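*Asks:* Each chain, written out:
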Amino acid sequence: DSGVTQTPKHLITATGQRVTLRCSPRSGDLSVYWYQQSLDQGLQFLIQYYNGEERAKGNILERFSAQQFPDLHSELNLSSLELGDSALYFCASSVEEGEAYEQYFGPGTRLTVT
Amino acid sequence: QQQVKQSPQSLIVQKGGISIINCAYENTAFDYFPWYQQFPGKGPALLIAIRPDVSEKKEGRFTISFNKSAKQFSLHIMDSQPGDSATYFCAALSYNTDKLIFGTGTRLQVFP
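Heads up: the sequence lines are chains S and A, in that order. Residue numbers for the first sequence, in my numbering: 1 to 114. Residue numbers for the second sequence, in my numbering: 1 to 112.
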């Protein structure tokens, strides 16, 4: 158990809908990262937040957005969903003290868009 | 744009054998090279990591070999066990960008 929690575990929704995925980082970790894992694209970095501020952006679509709250939990919002958005979404967290960049991954949320 | 190339895509090894997975990168600005292990239905778990000022790092049965001039690094799993059967991802990170770039993954199957 990495200490990172994600909810829900599974999500099934229809095209055009909007969903919110939630992540709680490990205790003490200030950074939260979101990744998308699909069969054809592998593990893709989406976005990173550090202590409430956006730190880095990857291949995140404009239909997707994220935020990190004062209690450090994070939410990933996916809107106008398309069939191709079906994937596993992982959250990871890290401490980022000095050069300690170990990222610890949560169990993921499996999103199915029908 | 794939910046970390991983091979092979799949690997079948006999119990007790050595599993070798290779990765190559293009960006010389990478500072940190972790390996992740992922079991079906689970998130990736950090296995072992190396920084480019070190040529080898060993933790138990797992060893990373790093060749900075060739921009290649590899994971060796000694005495492979059926419990090692999983998908392995190499990755690279630049401290400047904070983006962890993953390889495409290697599915390892260890047969008894």
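Everything labelled a hint here was simulated from the structure, so no lab data went into it. One or more hints might be untrue.
Cβ-to-Cβ under 7 Å is the rule here; a few derived chain S residues that face chain A [as the list claims (entries may be wrong)]:
#1 Q48
#2 E54
#3 G58
#4 P70
Simulated crosslink set (DSBU-like; lysine-lysine; CA at most 35 Å straight-line) [said to hold, decoys possible]:
#5 K68(A) - K9(S)
#6 K71(A) - K5(A)
#7 K42(A) - K57(S)
#8 K57(S) - K57(A)
#9 K99(A) - K5(A)
#10 K42(A) - K9(S)
#11 K5(A) - K57(S)
#12 K57(S) - K15(A)
#13 K68(A) - K58(A)
#14 K68(A) - K57(A)
#15 K99(A) - K68(A)
#16 K15(A) - K57(A)
#17 K57(A) - K42(A)
#18 K57(S) - K58(A)
#19 K57(S) - K99(A)
#20 K71(A) - K99(A)
#21 K57(A) - K71(A)
#22 K58(A) - K99(A)
#23 K57(A) - K99(A)
#24 K68(A) - K42(A)
#25 K15(A) - K9(S)
#26 K15(A) - K68(A)
#27 K9(S) - K57(S)
#28 K5(A) - K68(A)
#29 K9(S) - K99(A)
#30 K58(A) - K5(A)
#31 K58(A) - K15(A)
#32 K71(A) - K57(S)
Please read these numbers as outputs of a predicted model, since none were measured by experiment. Every residue, glycine too, gets a C-beta built ideally from N, C-alpha and C.
*Asks:* All hints, please: hold or fail.
*Replies:* Tested hints:
Interface restraint check: Q48(S) against chain A, minimum CB-CB distance 6 Å, threshold 7 Å, status holds. Interface restraint check for E54(S): the shortest CB-CB distance to chain A comes to about 11 Å, outside 7 Å, so the restraint is violated. The restraint placing G58(S) at the interface with chain A holds, with a minimum CB-CB distance near 6 Å, inside the 7 Å limit. Given the 7 Å rule on beta carbons, the hint for P70(S) is violated: about 21 Å separates it from the nearest Cβ of chain A.
Our distance criterion of 35 Å between C-alpha atoms is broken by K68(A) and K9(S), whose separation comes to about 40 Å. Of the pairs offered as hints, the one joining K71(A) and K5(A) holds, with about 11 Å between alpha carbons and a cut-off of 35 Å not exceeded. Distance check on the hinted pair: K42(A) and K57(S) sit about 24 Å apart at the alpha-carbon level, within 35 Å; holds. Restraint check for K57(S) and K57(A): the C-alpha separation of about 30 Å stays at or below 35 Å, so the hint holds.
Taking the CA atoms of K99(A) and K5(A), the gap is near 16 Å; set against the 35 Å cutoff, the hint holds. Restraint check: the Cα-Cα separation between K42(A) and K9(S) comes to about 11 Å, which is no more than 35 Å; the hinted pair holds. For the given pair, K5(A) sits about 21 Å from K57(S) by alpha-carbon distance, which is consistent with the 35 Å threshold. The straight-line distance between the Cα atoms of K57(S) and K15(A) is roughly 41 Å, outside the 35 Å bound, and the hint therefore fails.
Of the supplied pair hints, the one linking K68(A) and K58(A) holds, its CA atoms being roughly 17 Å apart against a limit of 35 Å. Distance restraint check for K68(A) and K57(A): the Cα-Cα separation of roughly 14 Å lies within the 35 Å cut-off, and the hinted pair is therefore satisfied. Restraint check: the Cα-Cα separation between K99(A) and K68(A) comes to about 20 Å, which is no more than 35 Å; the hinted pair holds. The straight-line distance between the Cα atoms of K15(A) and K57(A) is roughly 23 Å, inside the 35 Å bound, and the hint therefore holds.
For a cut-off of 35 Å, the pair hint linking K57(A) to K42(A) stands: about 26 Å separates their Cα positions. In summary, the hint linking K57(S) to K58(A) is supported, as the alpha carbons are separated by about 33 Å, within the 35 Å threshold. Distance hint between K57(S) and K99(A) is fulfilled; the C-alpha atoms sit about 8 Å from each other, no more than 35 Å. Only pairs whose Cα atoms come within 35 Å are accepted, and K71(A) paired with K99(A) is accepted, the gap being roughly 18 Å.
Annotation: proposed proximity of K57(A) to K71(A) holds, straight-line Cα distance about 16 Å (limit 35 Å). Taking the CA atoms of K58(A) and K99(A), the gap is about 25 Å. The hint holds against a cut of 35 Å. At most 35 Å may separate the alpha-carbon atoms for a hinted pair to count; K57(A) and K99(A) meet this at roughly 23 Å. Proposed proximity of K68(A) and K42(A) is supported: the alpha carbons are some 32 Å apart, at most 35 Å.
A distance of roughly 33 Å separates the Cα atoms of K15(A) and K9(S); the hinted pair therefore holds under the 35 Å criterion. The suggested pairing of K15(A) with K68(A) holds, with an alpha-carbon distance near 31 Å, which does not exceed 35 Å. Using a Cα cut-off of 35 Å, the hinted pair K9(S) and K57(S) holds, with the two alpha carbons roughly 24 Å apart. The hinted pair formed by K5(A) and K68(A) meets the criterion: a straight-line CA distance of about 15 Å does not exceed 35 Å.
Simply put, K9(S) and K99(A) have alpha-carbon atoms about 25 Å apart, close enough for the 35 Å limit, and the pair holds. Between K58(A) and K5(A), the direct Cα distance comes to roughly 22 Å. Compliance with the 35 Å bound is thereby established for this hinted pair. Proximity of K58(A) to K15(A) is assessed by CA-CA distance (about 20 Å); at most 35 Å being required, the pair is judged to hold. Restraint check: the Cα-Cα separation between K71(A) and K57(S) comes to about 25 Å, which is no more than 35 Å; the hinted pair holds.
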